[in-house]
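Following the hints, put chain B in place on chain U, whose structure we already have.
Number of protein chains: 2
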Amino acid sequence: MGSLPVDTLQPLDPDTFAADSSAVIDFLAGYYRDVDKYPVRAASLEPGRLRKLLPDSAPEWGEPMDAILDDVRRDVLPGLTHWQSPSFFAYFPMNASSAAFAGEMLSVGLNVVPFVWVASPAAAELETVVMDWMAKLIGLPDRFLFGGGGGGVLQGSTCEAVVCTLAAARDRAMARIGIGHEGILKLVVYASDQTHATSQKGARLVGIPPANFRVIPTSSADGYALAASSVHAEVERDVARGLVPLYLCATVGTTGLGAVDPVRELGDVARRHGMWLHVDAAYAGAAAVCAEHRGHLADGAELADSVSMNPHKWFLTNMDCCCLWVADPTHLTAALSTDPEYLRNVDGVAGGEKLAGDGAVDYKDWQISLSRRFRAMKLWFVLRRYGAEGIRGYIRGHVAMAEWFERAVGGDGRFEVVAKRRFSLVCFRLRGDGEEVDGVNRELLAAVNGSGRAFMTHFVVEGKFVIRLAVGGAMTEMRHVRDAWELVQRTADQLLLERRRR
Amino acid sequence: MGSLPVDTLQPLDPDTFAADSSAVIDFLAGYYRDVDKYPVRAASLEPGRLRKLLPDSAPEWGEPMDAILDDVRRDVLPGLTHWQSPSFFAYFPMNASSAAFAGEMLSVGLNVVPFVWVASPAAAELETVVMDWMAKLIGLPDRFLFGGGGGGVLQGSTCEAVVCTLAAARDRAMARIGIGHEGILKLVVYASDQTHATSQKGARLVGIPPANFRVIPTSSADGYALAASSVHAEVERDVARGLVPLYLCATVGTTGLGAVDPVRELGDVARRHGMWLHVDAAYAGAAAVCAEHRGHLADGAELADSVSMNPHKWFLTNMDCCCLWVADPTHLTAALSTDPEYLRNVDGVAGGEKLAGDGAVDYKDWQISLSRRFRAMKLWFVLRRYGAEGIRGYIRGHVAMAEWFERAVGGDGRFEVVAKRRFSLVCFRLRGDGEEVDGVNRELLAAVNGSGRAFMTHFVVEGKFVIRLAVGGAMTEMRHVRDAWELVQRTADQLLLERRRR
Chain U
1 MGSLPVDTLQ
11 PLDPDTFAAD
21 SSAVIDFLAG
31 YYRDVDKYPV
41 RAASLEPGRL
51 RKLLPDSAPE
61 WGEPMDAILD
71 DVRRDVLPGL
81 THWQSPSFFA
91 YFPMNASSAA
101 FAGEMLSVGL
111 NVVPFVWVAS
121 PAAAELETVV
131 MDWMAKLIGL
141 PDRFLFGGGG
151 GGVLQGSTCE
161 AVVCTLAAAR
171 DRAMARIGIG
181 HEGILKLVVY
191 ASDQTHATSQ
201 KGARLVGIPP
211 ANFRVIPTSS
221 ADGYALAASS
231 VHAEVERDVA
241 RGLVPLYLCA
251 TVGTTGLGAV
261 DPVRELGDVA
271 RRHGMWLHVD
281 AAYAGAAAVC
291 AEHRGHLADG
301 AELADSVSMN
311 PHKWFLTNMD
321 CCCLWVADPT
331 HLTAALSTDP
341 EYLRNVDGVA
351 GGEKLAGDGA
361 VDYKDWQISL
371 SRRFRAMKLW
381 FVLRRYGAEG
391 IRGYIRGHVA
401 MAEWFERAVG
411 GDGRFEVVAK
421 RRFSLVCFRL
431 RGDGEEVDGV
441 NRELLAAVNG
451 SGRAFMTHFV
461 VEGKFVIRLA
471 VGGAMTEMRH
481 VRDAWELVQR
491 TADQLLLERR
501 RR
Chain B
1 MGSLPVDTLQ
11 PLDPDTFAAD
21 SSAVIDFLAG
31 YYRDVDKYPV
41 RAASLEPGRL
51 RKLLPDSAPE
61 WGEPMDAILD
71 DVRRDVLPGL
81 THWQSPSFFA
91 YFPMNASSAA
101 FAGEMLSVGL
111 NVVPFVWVAS
121 PAAAELETVV
131 MDWMAKLIGL
141 PDRFLFGGGG
151 GGVLQGSTCE
161 AVVCTLAAAR
171 DRAMARIGIG
181 HEGILKLVVY
191 ASDQTHATSQ
201 KGARLVGIPP
211 ANFRVIPTSS
221 ADGYALAASS
231 VHAEVERDVA
241 RGLVPLYLCA
251 TVGTTGLGAV
261 DPVRELGDVA
271 RRHGMWLHVD
281 AAYAGAAAVC
291 AEHRGHLADG
301 AELADSVSMN
311 PHKWFLTNMD
321 CCCLWVADPT
331 HLTAALSTDP
341 EYLRNVDGVA
351 GGEKLAGDGA
361 VDYKDWQISL
371 SRRFRAMKLW
381 FVLRRYGAEG
391 IRGYIRGHVA
401 MAEWFERAVG
411 GDGRFEVVAK
421 RRFSLVCFRL
431 RGDGEEVDGV
441 NRELLAAVNG
451 SGRAFMTHFV
461 VEGKFVIRLA
471 VGGAMTEMRH
481 VRDAWELVQR
491 TADQLLLERR
501 RR
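Chains as they are written, first to last, in our numbering: chain U, 1 to 502; chain B, 1 to 502.
Misleading hints may appear alongside valid ones.
As the list makes no split between identical chains, a pair holds if one copy fits it or if it spans any two.
Said to hold, decoys possible - Below, simulated SDA-like cross-link-like pairs (lysine to any residue); rule was C-alpha separation at most 20 Å, straight line:
{"hint": "1", "residue 1": "K186", "residue 2": "T338"}
{"hint": "2", "residue 1": "K420", "residue 2": "R294"}
{"hint": "3", "residue 1": "K37", "residue 2": "D13"}
{"hint": "4", "residue 1": "K136", "residue 2": "R51"}
{"hint": "5", "residue 1": "K186", "residue 2": "R241"}
{"hint": "6", "residue 1": "K464", "residue 2": "R414"}
{"hint": "7", "residue 1": "K186", "residue 2": "I216"}
{"hint": "8", "residue 1": "K136", "residue 2": "E443"}
{"hint": "9", "residue 1": "K52", "residue 2": "L145"}
{"hint": "10", "residue 1": "K186", "residue 2": "P210"}
{"hint": "11", "residue 1": "K420", "residue 2": "R479"}
{"hint": "12", "residue 1": "K37", "residue 2": "D171"}
{"hint": "13", "residue 1": "K52", "residue 2": "G147"}
{"hint": "14", "residue 1": "K186", "residue 2": "P209"}
{"hint": "15", "residue 1": "K420", "residue 2": "T333"}
{"hint": "16", "residue 1": "K420", "residue 2": "K464"}
{"hint": "17", "residue 1": "K136", "residue 2": "P55"}
{"hint": "18", "residue 1": "K464", "residue 2": "P340"}
{"hint": "19", "residue 1": "K186", "residue 2": "A211"}
{"hint": "20", "residue 1": "K186", "residue 2": "D171"}
{"hint": "21", "residue 1": "K136", "residue 2": "S57"}
{"hint": "22", "residue 1": "K136", "residue 2": "E234"}
{"hint": "23", "residue 1": "K464", "residue 2": "P217"}
{"hint": "24", "residue 1": "K37", "residue 2": "D438"}
{"hint": "25", "residue 1": "K136", "residue 2": "L53"}
{"hint": "26", "residue 1": "K136", "residue 2": "E462"}
{"hint": "27", "residue 1": "K186", "residue 2": "M174"}
{"hint": "28", "residue 1": "K186", "residue 2": "G463"}
{"hint": "29", "residue 1": "K37", "residue 2": "R396"}
Since the hints were made in silico from the structure, they are not lab data.
So here's chain U without its partners, still in its complex pose:
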């Protein structure tokens, strides 16, 4: 067949748009209604299942929306792990909400690209506004606000935030060393054995020698927090060898166990040695909207160069949304700015850093990519639709559920809570020593997940296999947590009985 006549396709015809979109809304409303009936982890774990079901090539001719949605229902859904299931307790939950969804739809539909201020002034400014709002809500010092000389940007992920701040720190340090690019060989990054893998990946990405990444051990005695004294000792050793301390990552709420590093003490070490301190509060930063959970992050945050947290984890904001604040944006823009002619503005309107106090920010210079989505809209919708008090209640509800689970585990003599619960993550296991008990815990987790009635993940600490239950789903209620505990208990009963019979 030859080419279609010009203008045949009307990709944004309002009526088709409304009809197709409404079909998806119905689909999703039905999905939310039924999501607790699906096995939480993908029903089918046969590799290649979906590839076999789909044709080898794209269709030549367009198809109606209903046919596509039928295929989603039949072919795709059984191969999805249902992150919005109320019984999803794995990794850290990535919660969704109607408000974030509405804001995201609006942003996707408007499809503006606020890379330079003039390319959509209100989009850039709304981002500066919500970043200031968020900083105040979680109790960050004024130096991270636009009015206080700092500022914030919405990244896609903590990894992007870490890469950008590492690059900023790297260039600042190399300028100080003053021996040219060879300086990069001397730079050292510090993290703990509990720090997210993102730090190591990011350090490698920005060209820090892999041998200059220090993984400092933590212990149960310190609650798996990074001890400032250990960092100090490591740094002294490196300095004595002629190396240059570059970057220290402090985590509030580690991924494995929810541990909290002492921000103030680490900040003191960082300051003393001219290091960049980044505070990664990806998960637990959300809890800082509540006064009773704020201390970990707020105490010492004024010593940090940058702070990040992910509204897409536990702040009701659909993927992807990571808040990054910096105390001095010029370090960021020095490392990341570009100024090609095709992005300049000929209309006599100044954009860019000079006007950052007004929110006239060229955000392309605050991130890895040039192009960017209008992410501020969805976070603004969440804050407006639920209000700070609504979100506090939401967080407190999850923490209460985790507390209940922790007490339940403590009340069953066969189990132990492995690390102090903080926020909404409970790490537990069947008691005992040696490899055998690890095997039993592994089997327990596999059986729980295999039942389809809950999904949890694991961690290994000091050689022990630990089961993680992370509460944080938008639809999770106390009854789901109770069901999960009953499931764990019943599954353990059965497993232990079978073991005795063997």
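For chain B alone, coordinates are given in the frame of chain U:
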């Protein structure tokens, strides 16, 4: 006020979800109906305008959706540049479509995070399927398909694709040099003066010495293409100085002028010197769905190590969506993989590279970030809903409109087309020499944009100020291009008249 009772918020209550979402659908359908009535570039360019309109802090209590949408209409819309306006001809258009919107909504609503295969097998596999479909559609050789030993991944932007491939190339080269991390000081990246700023930013980001980034001049004689002989000469000089050629970026459809680098010839140079060849077809890659536009990319693509193109530019896919294919994924995963315990799978189901042939890919190791959105859904929806032939017709329509505009410019003796039109970008200006004529062209562009009836951007080549008209909006029809030309002519009439009067 104290904390709210647990479970007060129901963020995914299906009825609220449907009501809030439907309000946004209505809003957007109305927006598409009226978008041609808005000034294309933001009506207000007063820095800080939106910040002044909004409160200093987030609200304490939630608000109804209608109130929020009213604020969007009143406060935000006047500060947006309307990228979906049919008269948006600036930068490169970022087109939207009902199908991509529907797919994106589904992905946002399901909110699954397919970073490892088991975290949503069907999401990872759908991505491998659509990447193979896309590779075939634009005529890439089999080596970029999963079945052919290669594979593809959806990134957020070309910059991410460039950073990932630079990191892969860097680690491959350093392993070859074999002198440890010091090798990074010897690595050299090559691009032309027309290559996107992304290459330079990316090279800096991954730690390549800024002094080792070569910007090779192009000329009008070569149509602003990067001549293989120039690269060869530069490379020989660097090799003689003990440096190591690392990475060469060939562009099909440059941002400034739409120039096309000779992929095969550059590939030969790259092969001879062991360089990584990346082909950046961010914009023009979409045109390769049409046989008549395929040659530029297809001829020599088998010599490339990686190829990227952005469906979010001219392939009906809302932001963000960048296809990256690599011939050998192990280079990518060697540079980008992490394997922390909390992401391992205890259930006896293997994920990861070993099974990539089945689509069981752990995509976290193919990109910068760990977390990721389910981007494949929207691209799949575009391909299904419109079919290859529908998309070809769409592309051909835009090319025909650009051809018309080019002829119109050629037919008015006061104007000239500055670079050979390829695809849908026309670069033109009022004729003449010297700075004065640049000033007139600047004024012309400022007046056109200031009218609110079209939005174009500019470029500077060989000292000449050039106006760029890029056709590619989802709602752009021939009449909008005709109107734009009439606007340019009328504005020029007026400007030239005023100048004569001065």
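Tested hints:
In this homomeric assembly, K186 and T338 never come within 20 Å of each other (Cα to Cα): the closest approach is 27 Å inside a single copy and 24 Å across copies. In the homo-oligomer, the alpha carbons of K420 and R294 lie at most 20 Å apart inside one protomer (17 Å), although the nearest pairing across protomers, at 60 Å, exceeds that limit. In this homomeric assembly, K37 and D13 come within 20 Å of each other (Cα to Cα) only across copies, at 16 Å, whereas the closest approach inside a single copy is 36 Å. For a Cα distance limit of 20 Å, the shortest separation of K136 from R51 across copies, 16 Å, qualifies, whereas the shortest one inside one copy, 47 Å, does not.
Taking the closest pair of Cα atoms, K186 and R241 come within 20 Å of each other only inside a single copy of the chain (10 Å); across copies the shortest separation is 24 Å, beyond that limit. Taking the closest pair of Cα atoms, K464 and R414 come within 20 Å of each other only inside a single copy of the chain (16 Å); across copies the shortest separation is 79 Å, beyond that limit. Proximity of K186 to I216 under the C-alpha cut-off of 20 Å is restricted to the intra-copy arrangement: shortest distance 18 Å within a copy versus 31 Å between copies. For the homomeric pair K136 and E443, neither the shortest alpha-carbon distance inside one copy (45 Å) nor that between copies (44 Å) is at most 20 Å.
For the homomeric pair K52 and L145, the shortest alpha-carbon distance between copies (15 Å) is at most 20 Å, but the shortest distance inside one copy (52 Å) is not. Both within a single protomer and between protomers do K186 and P210 lie at most 20 Å apart by alpha-carbon distance, with minima of 11 Å and 17 Å respectively. In this homomeric assembly, K420 and R479 never come within 20 Å of each other (Cα to Cα): the closest approach is 23 Å inside a single copy and 67 Å across copies. For a Cα distance limit of 20 Å, the shortest separation of K37 from D171 qualifies neither inside one copy, at 52 Å, nor across copies, at 46 Å.
For the homomeric pair K52 and G147, the shortest alpha-carbon distance between copies (13 Å) is at most 20 Å, but the shortest distance inside one copy (56 Å) is not. When the C-alpha separation of K186 and P209 is checked against a cutoff of 20 Å, the pair qualifies both within a copy, at 8 Å, and between copies, at 15 Å. In this assembly of identical chains, the alpha carbons of K420 and T333 never lie at most 20 Å apart, being 40 Å within a copy and 35 Å across copies at closest. Within a single copy, K420 and K464 get their C-alpha atoms as close as 15 Å, which meets the 20 Å cut-off; across copies the closest is 66 Å, which misses it.
In this assembly of identical chains, the alpha carbons of K136 and P55 lie at most 20 Å apart only when taken from different copies (13 Å versus 51 Å within one copy). In this homomeric assembly, K464 and P340 come within 20 Å of each other (Cα to Cα) only across copies, at 15 Å, whereas the closest approach inside a single copy is 53 Å. For a Cα distance limit of 20 Å, the shortest separation of K186 from A211 qualifies both inside one copy, at 10 Å, and across copies, at 19 Å. In the homo-oligomer, the alpha carbons of K186 and D171 lie at most 20 Å apart both inside one protomer (13 Å) and across protomers (18 Å), since each shortest distance falls under that limit.
For a Cα distance limit of 20 Å, the shortest separation of K136 from S57 across copies, 7 Å, qualifies, whereas the shortest one inside one copy, 51 Å, does not. In the homo-oligomer, the alpha carbons of K136 and E234 never lie at most 20 Å apart, since the shortest distance is 34 Å inside one protomer and 53 Å across protomers. In this assembly of identical chains, K464 and P217 lie within 20 Å of each other by CA distance solely inside one copy; the values are 15 Å within and 60 Å between copies. In this assembly of identical chains, K37 and D438 lie within 20 Å of each other by CA distance neither inside one copy nor across copies; the values are 31 Å within and 66 Å between.
In this assembly of identical chains, the alpha carbons of K136 and L53 lie at most 20 Å apart only when taken from different copies (18 Å versus 50 Å within one copy). For a Cα distance limit of 20 Å, the shortest separation of K136 from E462 qualifies neither inside one copy, at 38 Å, nor across copies, at 49 Å. Taking the shortest Cα distances, K186 and M174 sit within 20 Å of each other both inside one copy (9 Å) and across copies (17 Å). Neither within a single protomer nor between protomers do K186 and G463 lie at most 20 Å apart by alpha-carbon distance, with minima of 33 Å and 42 Å respectively.
For the identical chains of this complex, K37 and R396 are neighbours neither inside a copy (26 Å) nor across copies (47 Å), given an alpha-carbon limit of 20 Å.
When held up to the earlier numbered hints, the structure conflicts with 1, 8, 11, 12, 15, 22, 24, 26, 28, 29 and fits the remainder.
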